[in-house]
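K.L.:
Chain by chain, the residues:
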Amino acid sequence: MAKMNMLQAINNALDLAMAKDDGVVCFGEDVGHFGGVFRATSKLQEKYGKARCFNTPLTEQGIAGFANGMAAQGMKPVAEIQFADYIFPAFDQIVNETAKFRYRSGNEFNVGGIVFRSPYGGGIAGGHYHSQSPEAYFAHTPGLKVVIPRDPYQAKGLLLASIACPDPVIFFEPKKLYRASIGEVPEEYYEIELGKAEVTQQGKDITILAWGAQMDIVQKAVEMAEKDGISCEVIDLRSILPWDADTVAASVKKTGRLLINHEAPLTGGFAGEIAATIQKMCFLHLESPIERVCGMDTPYPLALEKEYVADHLKTYEAIKRSVNF
Amino acid sequence: MTNPNNATITTVHTAEFTAGDALKIPTLRILRDDGSLYEGAVAPELDKATALKMYDTMVFIRVLDERMLAAQRQGRISFYMQCLGEEATTVGSAAALAEQDMIMAQYREQGALRYRGFTLEQFMNQLFSNEKDLGKGRQMPVHYGSKDIYYMTISSPLGTQIPQASGYAYAQKLRGLANTTICYFGEGAASEGDFHAGLNMAAVHKAPVIFFCRNNGYAISTPASEQFVGDGIACRAVGYGMKALRVDGADILAVYQATKMARDHALKHNEPVLIESIAYRLGAHSSSDDPSGYRSKEEEEKWRQNDPIARFRLWLVEKGWLNEADDKATIEALRTEILDALKVAEKVAKPGIEHLISDVYAEPIPALQQQLDELKAHIRKYPDAYPVTAGRLD
Numbered sequence: 004m005a006k007m008n009m010l011q012a013i014n015n016a017l018d019l020a021m022a023k024d025d026g027v028v029c030f031g032e033d034v035g036h037f038g039g040v041f042r043a044t045s046k047l048q049e050k051y052g053k054a055r056c057f058n059t060p061l062t063e064q065g066i067a068g069f070a071n072g073m074a075a076q077g078m079k080p081v082a083e084i085q086f087a088d089y090i091f092p093a094f095d096q097i098v099n100e101t102a103k104f105r106y107r108s109g110n111e112f113n114v115g116g117i118v119f120r121s122p123y124g125g126g127i128a129g130g131h132y133h134s135q136s137p138e139a140y141f142a143h144t145p146g147l148k149v150v151i152p153r154d155p156y157q158a159k160g161l162l163l164a165s166i167a168c169p170d171p172v173i174f175f176e177p178k179k180l181y182r183a184s185i186g187e188v189p190e191e192y193y194e195i196e197l198g199k200a201e202v203t204q205q206g207k208d209i210t211i212l213a214w215g216a217q218m219d220i221v222q223k224a225v226e227m228a229e230k231d232g233i234s235c236e237v238i239d240l241r242s243i244l245p246w247d248a249d250t251v252a253a254s255v256k257k258t259g260r261l262l263i264n265h266e267a268p269l270t271g272g273f274a275g276e277i278a279a280t281i282q283k284m285c286f287l288h289l290e291s292p293i294e295r296v297c298g299m300d301t302p303y304p305l306a307l308e309k310e311y312v313a314d315h316l317k318t319y320e321a322i323k324r325s326v327n328f
Numbered sequence: 005m006t007n008p009n010n011a012t013i014t015t016v017h018t019a020e021f022t023a024g025d026a027l028k029i030p031t032l033r034i035l036r037d038d039g040s041l042y043e044g045a046v047a048p049e050l051d052k053a054t055a056l057k058m059y060d061t062m063v064f065i066r067v068l069d070e071r072m073l074a075a076q077r078q079g080r081i082s083f084y085m086q087c088l089g090e091e092a093t094t095v096g097s098a099a100a101l102a103e104q105d106m107i108m109a110q111y112r113e114q115g116a117l118r119y120r121g122f123t124l125e126q127f128m129n130q131l132f133s134n135e136k137d138l139g140k141g142r143q144m145p146v147h148y149g150s151k152d153i154y155y156m157t158i159s160s161p162l163g164t165q166i167p168q169a170s171g172y173a174y175a176q177k178l179r180g181l182a183n184t185t186i187c188y189f190g191e192g193a194a195s196e197g198d199f200h201a202g203l204n205m206a207a208v209h210k211a212p213v214i215f216f217c218r219n220n221g222y223a224i225s226t227p228a229s230e231q232f233v234g235d236g237i238a239c240r241a242v243g244y245g246m247k248a249l250r251v252d253g254a255d256i257l258a259v260y261q262a263t264k265m266a267r268d269h270a271l272k273h274n275e276p277v278l279i280e281s282i283a284y285r286l287g288a289h290s291s292s293d294d295p296s297g298y299r300s301k302e303e304e305e306k307w308r309q310n311d312p313i314a315r316f317r318l319w320l321v322e323k324g325w326l327n328e329a330d331d332k333a334t335i336e337a338l339r340t341e342i343l344d345a346l347k348v349a350e351k352v353a354k355p356g357i358e359h360l361i362s363d364v365y366a367e368p369i370p371a372l373q374q375q376l377d378e379l380k381a382h383i384r385k386y387p388d389a390y391p392v393t394a395g396r397l398d
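Chains A and B, in that order, give the protein sequences. Counting with the numbering used here, you get residues 4 to 328 for the letters of the first sequence. Counting with the numbering used here, you get residues 5 to 398 for the letters of the second sequence.
Here chain A stands alone, though its shape is the one from the complex (with noise of 0.2 Å):
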């Protein structure tokens, strides 16, 4: 074990992945000498040569095409978007190649090797194009996987897991925890299994669903509503695509009360779509309506951002109406 901050996990993780798999290639903006603008691939050009960590032009679509490319042809190729904001020249790359490769081949060809890293989410004054929240675009796109880390523990076995993985992968990583969060992580290879959530803590009153950097948010929510006596069951979702339904429901089932928080705005947003499983799955358990706390449907604002975000006090009060209804 180590002590690491996020961005240090995943540099491990691309480090021990690369050792591991000759086909493991990292490249992006900014991504080669330099280390990335977050350093996420600090020194791995140094060490494992230009060929495999290298500088792209700028270009989003281009990054993701030479993906599709080099995945194609068997490697695995972890490209870095330096901002999920910037994904969108890349999107129909993503939606409409990667996605479909295997299936519209008949499974000739695929772009299983594939993972897109990308930071994404505000609280670093960052306005609309440093801060959104697009994992909801991607979780529409059949094909796709897409996975959120809310710690560098769970940062570097989700990301080995996603490069492990024989399909693709956006892997969005909340850059507002890259330094801030700091833990302990095993320096050896492991994998967190995707596709699964984790219960982070017991109760049984309400079920709290985030993922990413909003665990940290409501975490402090939760921790202001056991002292008015109210027990939450806290769950990170991990993987929004596919998503862990059953556990998400076997807690719904026993709390019969389900909060969702996500950065993204409200409508569209992949709350609905929980909320939408869960209302079925659970239907006749369900003391309360389903709460929603969410980015508000409007750009991501910068000097009024304390007021837009799904922040803990937010929270606090979904969960006393829940609690209340």
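Simulated from the structure, these hints should not be mistaken for lab results. Quick caveat: nothing in here was measured; it's all calculated off a predicted structure. Careful: at least some of the hints might be erroneous.
Said to hold, decoys possible - Simulated crosslink set (DSSO-like; lysine-lysine; CA at most 30 Å straight-line):
#	chain 1	residue 1	chain 2	residue 2
1	B	Lys210	A	Lys53
2	A	Lys309	A	Lys283
3	A	Lys23	A	Lys50
4	B	Lys272	A	Lys53
5	A	Lys223	A	Lys317
6	A	Lys199	B	Lys380
7	B	Lys52	B	Lys264
8	B	Lys151	A	Lys23
9	B	Lys210	A	Lys50
Unchecked claim - Here are the computed distance ranges between Cβ atoms for each label pair:
#	chain 1	residue 1	chain 2	residue 2	range
10	A	Phe91	B	Asp330	54 to 60 Å
11	A	Gly271	B	Lys210	41 to 47 Å
12	A	Phe91	B	Gln375	27 to 33 Å
To be verified - In silico negatives: residues of chain B with every beta carbon more than 12 Å from chain A:
#	residue
13	Asn9
14	Ala19
15	Ser40
16	Glu103
17	Cys239
18	Lys247
19	Ser300
20	Ala329
21	Tyr386
22	Tyr390
For glycine and all other residues, C-beta sits at the position ideal for the given N, C-alpha and C.
Once you've looked at the hints, dock chain B against the given chain A.
P.N.:
Just chain B now, with coordinates in the frame of chain A:
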């Protein structure tokens, strides 16, 4: 370059435009319409067997296209795209490659596919989206693909294969393979952002890829003159620091020679090359298109005289490798063979219901399995509404 801008600084002291048409790209022509060689031109080294394989492939595609367009008109298949007028382009380029060079095509390159050995049955199974289709009946007709013969499955969105070819070729280089990737696209697709992204990526990362632009004059109805202003597509290569060639796309010897040269260069120097072939899309864009709405019969007739197959045939006859009489018999036999294969393929069953969910992921995710189970229960309730699968759900 020694400056941070990576640009050559040739100093002048009076402002002066460099004109948009400053660059003139020559067009390689070897074979005249009458089957003789241009003066000073040298035919590429081609043995008889290869030359005849090229010719047979062109003829096969011509007959297949004619027959399958008719089948579409009869309502037997839903859609079709001909290669008419571009047979030399696709066959001549494919013939210049090694068997394990990857082909990433747009959709009108059945000549390259056939040259690689895609069988008549495989064509038919794809066109009828039956259970023997390698693509499991998931894509519209002509979206062929085969791993065994290094032919990447076709994707409808235009130009997406361009940056993919750069990545594929880069991977070939990293693996130490002595193979290249050829990437076909049209002059219309060259307007897509993926064209710029792919060519620039390949140039910067030194990927051994041959970008092969089939400039056939039309993107559905839009003429090349409304697609771009520069001198064709080839001149753009220079902007990417890439070598370029332009060829007469109806001249199979020129196409073969240019592609050979591009391949040698790409592999020897690990550099991409852009080839622009100048031809004419003599048929409609697809079976859903009617060119009478945007171009004249006179224009088509003029280009019909520029038949790439007739030109190559004259050369082969002149060399004594082909005899006209045999040719007619071959075409008749092909027509029968294709019709027979069509009749077989159209009777083959559609893919089973499990292929609704297979290959979305390496293994179906739980939600998909559940959706399939629910669907099966539904079909059992209304079997008459789902005759393709109702009788074979288990």
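K.L.:
Each of the hints needs a verdict: does it hold here or not?
P.N.:
Hints and how they fare:
For the given pair, B/Lys210 sits about 12 Å from A/Lys53 by alpha-carbon distance, which is consistent with the 30 Å threshold. Only pairs whose Cα atoms come within 30 Å are accepted, and A/Lys309 paired with A/Lys283 is rejected, the gap being roughly 34 Å. For the given pair, A/Lys23 sits about 13 Å from A/Lys50 by alpha-carbon distance, which is consistent with the 30 Å threshold. Taken as a hint, the B/Lys272 and A/Lys53 pair is honoured in the structure, with Cα atoms around 20 Å apart against an allowance of 30 Å.
Between A/Lys223 and A/Lys317, the direct Cα distance comes to roughly 11 Å. Compliance with the 30 Å bound is thereby established for this hinted pair. Among the hinted pairs, A/Lys199 with B/Lys380 is consistent with the structure: their alpha-carbon atoms are about 27 Å apart, no more than 30 Å. A hinted pair counts as satisfied when its Cα atoms are at most 30 Å apart, and B/Lys52 with B/Lys264 qualifies at roughly 17 Å. Taken as a hint, the B/Lys151 and A/Lys23 pair is honoured in the structure, with Cα atoms around 27 Å apart against an allowance of 30 Å.
Simply put, B/Lys210 and A/Lys50 have alpha-carbon atoms about 21 Å apart, close enough for the 30 Å limit, and the pair holds. For the hinted restraint 54 to 60 Å between A/Phe91 and B/Asp330, the CB-CB distance of approximately 57 Å keeps it satisfied. Range check, A/Gly271 to B/Lys210: Cβ separation about 42 Å, and the 41 to 47 Å hint holds. In this structure the supplied range 27 to 33 Å holds for A/Phe91 paired with B/Gln375, their Cβ-Cβ distance being about 29 Å.
Remark: the non-interface label on B/Asn9 is consistent with the geometry, its nearest Cβ contact in chain A lying 15 Å away (cut-off 12 Å). The claim that B/Ala19 is not at the interface with chain A holds, since no C-beta of that chain comes within 12 Å of its own (minimum 29 Å). Remark: the non-interface label on B/Ser40 is consistent with the geometry, its nearest Cβ contact in chain A lying 42 Å away (cut-off 12 Å). Residue-level check passed: B/Glu103 sits 16 Å from the nearest beta carbon of chain A, beyond 12 Å.
No beta-carbon of chain A is positioned within 12 Å of the beta-carbon of B/Cys239; the least distance is around 20 Å. Against the 12 Å criterion, B/Lys247 stays outside the reach of chain A, whose nearest CB is about 19 Å from its own CB. The Cβ of B/Ser300 sits about 35 Å from the closest Cβ of chain A, beyond the 12 Å cut-off, so the non-interface label holds. With a least CB separation of 41 Å from chain A, B/Ala329 remains clear of the 12 Å interface cut-off, as annotated.
For B/Tyr386, the non-interface assignment is confirmed: its Cβ lies about 22 Å from the closest Cβ of chain A, beyond the 12 Å cut-off. The beta carbon of B/Tyr390 is kept farther than 12 Å from every beta carbon of chain A, the shortest such distance being approximately 21 Å.
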